[in-house]
Amino acid sequence: MEDVFLTTGILLFILAGLVLLRVVIGPTAIDRIVAVNMLGTQTTVLLILIGILFHRVDMFVDFALTYALLNFVGSLAAARYLLRTKPLKDTKIIVTEVDRA
Amino acid sequence: MTITEFVVSRLNYWIYVILMMIGLFAMISKKNLIKKLIGMSIFQTAIILFYVSMGVKEESNIPILEHNIAHASDHAEASDHGQVEEIRAENYANPLPHVLMLTAIVVGVATLGVGLAVVQKIHQEFGTIEEPEILAKIKSGHG
Amino acid sequence: MILNIACLALLTIGVVIFFGAVIGVLRFPDFYSRMHAAGISDTMSTISLLTAFALFQLHDLSWPNLLVVGKIFFIVAFISLTGPTSTHALMHAGYQRRNRPPVRKQEPDEDMT
Amino acid sequence: MVDQYPAIILLAPFFAAIAVSLFGSWKNGLCLPMAIIALGISLAASIALLGQVAAEGEIVYLLGGWSRPFGIEFRIDPLNAMLLVVVTTVALLTAVYSTQAAVLETPNKYPQFYTLFLLLVTGLLGMSLTGDAFNLYVLVEVASLTSYALIAMHSKRAVLASFNYIIMGTIGASFYLLGVGYLYIKTGSLNMVDIREILQETGLYGSKTIMVAFMLIMVGVWIKMAFFPLHGWLPNAYSYAPSSTSCILAPLMTKVTVYVMIRMMLTVFGPEYVFQYLGWSNVVVWMAVLAIVAGSIMALAQTDLKKMFSYIIVAEVGYMVGGVWLANETAFIGAFYHVISDAFMTLCLFLAAGAIITKTGKRSISEMEGLFRKMPWTMVGFVIAALSMIGIPPTCGFFSKWYLINGAIEAGHWGYVVALLFSSLINAILFFKVFEVAYFSKPSHGQEKDENQPESAGTDGVGEPPATMLAPLLITASGLLLIGIFNQDIVILIRQAVSSFGFIGFLN
Amino acid sequence: MYSILVFILLFIVWIVFSGKFDWFHLTLGIFSASFVTYFSSDLYFTDRTIGLLERLGQLYRFCRYLFWLLYQILLANLHVLRLALWRKGLKDVVPTIIRIKTRLQSNYARYVLANSITLTPGTVTLRIEEDILFVHAISRKAAASLDGEMERRIADIFERAKR
Amino acid sequence: MIWQFDIIILGFLLIAAILALRETDLLSATMIFGVYSFLMCLLWAEMAAVDVAFTEAAVGAGASTVFLISTIYNTKRKSSD
Amino acid sequence: MKTLGAIAVIITGALLLYASEDFPAWGDPHSPASQYRVSQHYILKTFEETSVPNMVTAILADYRGYDTLFETVVIFTAGIAIIAILRGPIDKRVRLRLASEKKLRESNLILAQTCRLLVPIIQLFALYVIAHGHHSPGGGFQGGVIFGGSLILLAISFQLQTALDRVSEKKAILLAGVGVLIYSGIGLVCLLLGGNFLDYSILHNLLQVDPITARSHGILGVEIGVAFTVASIMFAIYANLSSRGRMKGGL
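Protein chains in written order, with numbering that gives the first Met the number 0: chain U, 0 to 100; chain F, 0 to 142; chain D, 0 to 112; chain V, 0 to 507; chain A, 0 to 162; chain W, 0 to 80; chain Z, 0 to 250.
Some hints here could point you the wrong way.
[Unchecked claim] Restricting the straight-line Cα-Cα distance to at most 30 Å, the calculated cross-link-like pairs of lysine-lysine (DSS-like) are: (1) F:Lys136 to W:Lys77; (2) V:Lys155 to Z:Lys169; (3) V:Lys155 to V:Lys26; (4) Z:Lys44 to V:Lys155; (5) Z:Lys169 to Z:Lys247; (6) V:Lys432 to F:Lys138; (7) V:Lys155 to F:Lys138; (8) W:Lys77 to Z:Lys1; (9) W:Lys77 to V:Lys207; (10) F:Lys136 to Z:Lys1; (11) F:Lys30 to Z:Lys1; (12) A:Lys100 to A:Lys90; (13) A:Lys19 to Z:Lys1; (14) F:Lys136 to F:Lys30; (15) W:Lys77 to F:Lys30; (16) F:Lys138 to Z:Lys1; (17) F:Lys30 to V:Lys26; (18) Z:Lys170 to V:Lys26; (19) A:Lys140 to A:Lys90; (20) Z:Lys247 to V:Lys26; (21) A:Lys87 to A:Lys140; (22) W:Lys77 to F:Lys138; (23) Z:Lys247 to Z:Lys170; (24) Z:Lys247 to W:Lys77; (25) A:Lys140 to A:Lys100; (26) F:Lys136 to V:Lys26; (27) F:Lys138 to F:Lys30; (28) V:Lys26 to V:Lys432; (29) V:Lys26 to Z:Lys169; (30) Z:Lys1 to V:Lys155.
Because the hints were derived from the structure by calculation, they are not lab data.
Kindly generate the complete structure, drawing on both the sequences and the hints.
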């Protein structure tokens, strides 16, 4: 069973690497923040996974929880920043609005 | 095991040196002050990486006693050392570097905070956070 | 044994969903859509992975382990609380600043010089 | 209570700092008395400790009651006992001096200033007390953080100087930390004495890691003390800082760091390793020669009074490093004696400069016309400090240079002797240039300018600074003479410490 | 009254966190819970007029709602996964902004609605202005899933009494 | 220690560090620095340094990022290098 | 500057790589650092001597408690320093620019509600982390940062003033001072009772427990002090940095 978790972890890491790719290319800051936020969630999962591999989940849950809670603060601050300031450069986004009562 | 020895045995030390040099280079050569501070943080974390790497033991666990050991000796008599012998040093990572690095992280945050405050003050005084621009402003007598 | 299989299944599902989310994040054309894909990893993938961990934890049923499971579900709850909120906050920021005049007319660096 | 002196020395300013931060904003007037009382207690305790150490030899104070390699300990030998007295004295004098200066220069940050000031003193005391390599890092950081803030509190240029100091200081401290890590990975201990024992017993002298550790620690410490090629941050930081800040930083920061270097070399690595095994002393002494010459020449090029002093500090650091690395007893005595005397000389110079700048608002040397007439007592202090810097006999500067030169001759290092004499000559030129402007130039031109200066245009024009500024200056000036006159006592104490290091059996 | 409720809730959470039942840790728990209650109990239960029983009922219905929501999330996930993984999926990505006027009265119900919408992948609440929700949907199908079912269920939880 | 994770994380770390320093948009740089920080957190968890990882999690996610963002907010976002 | 940097970097890097050749392999349980008596003693004897299963906490707050005292002081210093650096004359233009704030607060219902739900839980969790530093990872510093994070969250999701209403800047600095005072006060009590500074075992007379448990309690007290300082200073730093020391507006 341990190997399964190890493999899962490695797979998750590789996928996280792909998310990192979005962080690299992501044209706007928001793209990066989204990807970082996603990585943050994934970190929480990986922390618990590491805990399972160490057979001491009870110790690792604590700071996985911390991560889940505090990662939020960081991305919220970034969102707040974007809300408060002019954008660096506008991105073109095609959005159609539909009204619906 | 051979892979472990070959690839892993020094990798941490190599990477820490590279990271540290990246940070150092950024600290010396970046023009933007906030970039310098980010470089400083990377520099400090690289040192922490070094310290933590040296506390690792191959088959070791986290440096918190297992419940059963702690629990067992809770019930044992104070004079009875029989239970405590169960603790084996190889089973636990070396806790001392961890302790030192807690302090180092704290120092890093504190320095980062003070540095950022200074950057804000510089921006207040000079209107820019790019080093060449600031120096130009000082030279032109504005500062 | 059943527990193991369930655990394995959930892990697989979680990884596959996460894979889909990653592909979505990479493929979708604009950040609004990418954010939808990121939402997947926030919800389903995390939930299934964490449930798998919780199930694995239930192998030896003891009081501390149950509490660990409780904590894992706390994490699930928090992630499903914070995830949408930060998604919303980011979307809001992106939307707000595109369609309406920014809240602060001035860039903050202009006022002190 | 007698065996608690080391703790009391440290804790008095520490608790005063907390008290200032707690009550200071409530009543600003409380800050200064608390600071002075605490520093007074600390000074008394450190003098008592010095007496104790002189009588009994090395004292070890175990923090938390844990024995040597497991806990942290204070180790007090005659050297750092003397340094403690110096630190507390300088701090006390500066605190008295800051009564006026702090009000003028940092008006709405009164409690913060004193909190940081006292914490800085705490950090410096801790640096000189501790016997644990990692603990030293923490205290270096306490001292550095406070000094960053103290420097940045004041003017526009000071902020930028402070930022450079942050970058350089962090590099220095991190190198030090890394060096300690390298030591730890090979020895497994953090206690200074313990490390030396392990190095000696397990034959680690040949290890590359230990060598690099030594280099890292030295570079780190050199950055912190502004040894010549690494001095970039110092001149701006010290000269643009508020005057009371530079009065405490300039004398103490470099000196305590020099002491840290001495401690690292002698207590952690041991003289055999540093001088015999590595045998780099020649290189380092030549670097010191370079530092002395470069510092002096750069000082010559300055027009700003405080900046000139800052470059003189760079040169003085060269004296001390060179003296220590000459690797014989006489030069070491000279170097440490210079640590003590230079602390007071620098203090005296910066006090005088601070008094002049606060009173006249002028920083440039060429604007100091007629100061002898306007503020004679200030100038008396200034002249004594200048003479001591140059090395005129009754003052302490002469004796330190005497020992240093003797040591250099003993070691056969003539370059150092020449550099020392050259630097003295430059100092003479520098100070006589100031005297010339201040004594012979006509004040009428200056008074005309005074009316354009709103801060100094009081009804009575420019006169003596207030007593709280003048008294520390004169006390320091007389201290310079006293240290010079009682040089033998200090030398005996240093000799006692040196013998405990096992330095004597080790002449080349 | 309500602060006692908050205290009890926090203490239960503490027990889950702590998992130690000796008197020492329980005392610490009581202390901590009362500290947090003192410090920030005003953040919970803004509407303090609702009775306790009603709250319990809400809790029960909310739990039932959660299961339904989970099912919806699963469906929505599959939809977005299809968009992401199928080659033709990208064609279906038609970002749309929908304006929904909600009947929900209380802030909290609106909050639950908005968060539920965001939680189901494919739809994200952009903004709430009083009773109008701006929802961004990734595709037409995702937009079509906002058929008011969710709102009805939420109204059933929180505002049964008012109707 | 789990050396498989170790290698992967160290690789990512290098990428993240270089990226954080190359990015000219400081907000993005800060976010990438956030990635760097939680990679560090994972690394420490994997090396059994739980307390260090905990501190890094708290500091990296809660404090450093927010401090950096608030400084960028009060200064400016574009960097010249 | 770039070439200088490159030269410095290359020299240092080469030096460090040169030295690392001599290191014991990564993860080697027989490395000198792990074999020496200090590490061995910490692992084997900590529980016996302090009755704390988490070695890191025990070493942090007891064996090397003096370090931690100054670690706390570093944080405290940083807070004071930032206030000292950023505080200037009050700028009157601030009010005008941020007139739209109230509206912002209302428009962000989702943020506000989530924070309402989360903040008390985060705070409780922070207290849990502080109190359980003995048995699981965590302790004063981590708990303090989390608590500070909760206040920062409050400030971000509502506005700075909301958080400042709970803990004003003055109060924060006061609490930070109290935290350091708790820590050093415990040490001082030890000193006054006749032990050395920070020797908690001497507290056993005062607490009516055996010396080993006294150490454990001493560690807890110390952690609480650290937490006070860290929490309030983290918040104070945020408040200052985000509003440029003016305590108005902000992120």
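Here is what the structure says about each hint:
The straight-line distance between the Cα atoms of Lys136 (chain F) and Lys77 (chain W) is roughly 19 Å, inside the 30 Å bound, and the hint therefore holds. For the given pair, Lys155 (chain V) sits about 26 Å from Lys169 (chain Z) by alpha-carbon distance, which is consistent with the 30 Å threshold. Proximity of Lys155 (chain V) to Lys26 (chain V) is assessed by CA-CA distance (about 29 Å); at most 30 Å being required, the pair is judged to hold. With a C-alpha separation of about 54 Å, the suggested pairing of Lys44 (chain Z) with Lys155 (chain V) is violated against the 30 Å cut-off.
Between Lys169 (chain Z) and Lys247 (chain Z) the alpha-carbon distance is near 14 Å, which keeps this suggested pair within the 30 Å criterion. The straight-line distance between the Cα atoms of Lys432 (chain V) and Lys138 (chain F) is roughly 27 Å, inside the 30 Å bound, and the hint therefore holds. With a CA separation close to 13 Å, the supplied pair Lys155 (chain V) and Lys138 (chain F) stays within the 30 Å bound. Taken as a hint, the Lys77 (chain W) and Lys1 (chain Z) pair is honoured in the structure, with Cα atoms around 20 Å apart against an allowance of 30 Å.
As the CA atoms of Lys77 (chain W) and Lys207 (chain V) are separated by approximately 44 Å, the hinted pair breaks the 30 Å bound. For the proposed pair Lys136 (chain F) and Lys1 (chain Z), the alpha carbon gap of about 21 Å is at most 30 Å, so the pair holds. Taken as a hint, the Lys30 (chain F) and Lys1 (chain Z) pair is honoured in the structure, with Cα atoms around 10 Å apart against an allowance of 30 Å. Proximity of Lys100 (chain A) to Lys90 (chain A) is assessed by CA-CA distance (about 29 Å); at most 30 Å being required, the pair is judged to hold.
Distance check on the hinted pair: Lys19 (chain A) and Lys1 (chain Z) sit about 57 Å apart at the alpha-carbon level, beyond 30 Å; violated. Taking the CA atoms of Lys136 (chain F) and Lys30 (chain F), the gap is about 15 Å. The hint holds against a cut of 30 Å. Under the criterion of a C-alpha separation no larger than 30 Å, the hint pairing Lys77 (chain W) with Lys30 (chain F) is consistent with the structure, at around 12 Å. For a cut-off of 30 Å, the pair hint linking Lys138 (chain F) to Lys1 (chain Z) stands: about 21 Å separates their Cα positions.
For the proposed pair Lys30 (chain F) and Lys26 (chain V), the alpha carbon gap of about 43 Å is over 30 Å, so the pair is violated. Between Lys170 (chain Z) and Lys26 (chain V) the CA atoms are separated by roughly 15 Å; this keeps the pair inside 30 Å, and the hint holds. Between Lys140 (chain A) and Lys90 (chain A), the direct Cα distance comes to roughly 12 Å. Compliance with the 30 Å bound is thereby established for this hinted pair. Taking the CA atoms of Lys247 (chain Z) and Lys26 (chain V), the gap is near 25 Å; set against the 30 Å cutoff, the hint holds.
Taking the CA atoms of Lys87 (chain A) and Lys140 (chain A), the gap is about 15 Å. The hint holds against a cut of 30 Å. A hinted pair counts as satisfied when its Cα atoms are at most 30 Å apart, and Lys77 (chain W) with Lys138 (chain F) qualifies at roughly 23 Å. Our distance criterion of 30 Å between C-alpha atoms is met by Lys247 (chain Z) and Lys170 (chain Z), whose separation comes to about 16 Å. Under the criterion of a C-alpha separation no larger than 30 Å, the hint pairing Lys247 (chain Z) with Lys77 (chain W) is consistent with the structure, at around 24 Å.
In summary, the hint linking Lys140 (chain A) to Lys100 (chain A) is supported, as the alpha carbons are separated by about 20 Å, within the 30 Å threshold. Of the supplied pair hints, the one linking Lys136 (chain F) and Lys26 (chain V) is violated, its CA atoms being roughly 40 Å apart against a limit of 30 Å. Restraint check: the Cα-Cα separation between Lys138 (chain F) and Lys30 (chain F) comes to about 17 Å, which is no more than 30 Å; the hinted pair holds. Distance hint between Lys26 (chain V) and Lys432 (chain V) is unfulfilled; the C-alpha atoms sit about 45 Å from each other, more than 30 Å.
A hinted pair counts as satisfied when its Cα atoms are at most 30 Å apart, and Lys26 (chain V) with Lys169 (chain Z) qualifies at roughly 14 Å. A hinted pair counts as satisfied when its Cα atoms are at most 30 Å apart, and Lys1 (chain Z) with Lys155 (chain V) qualifies at roughly 26 Å.
Hint compliance for this structure: hints 4, 9, 13, 17, 26, 28 are not met, and every other hint is.
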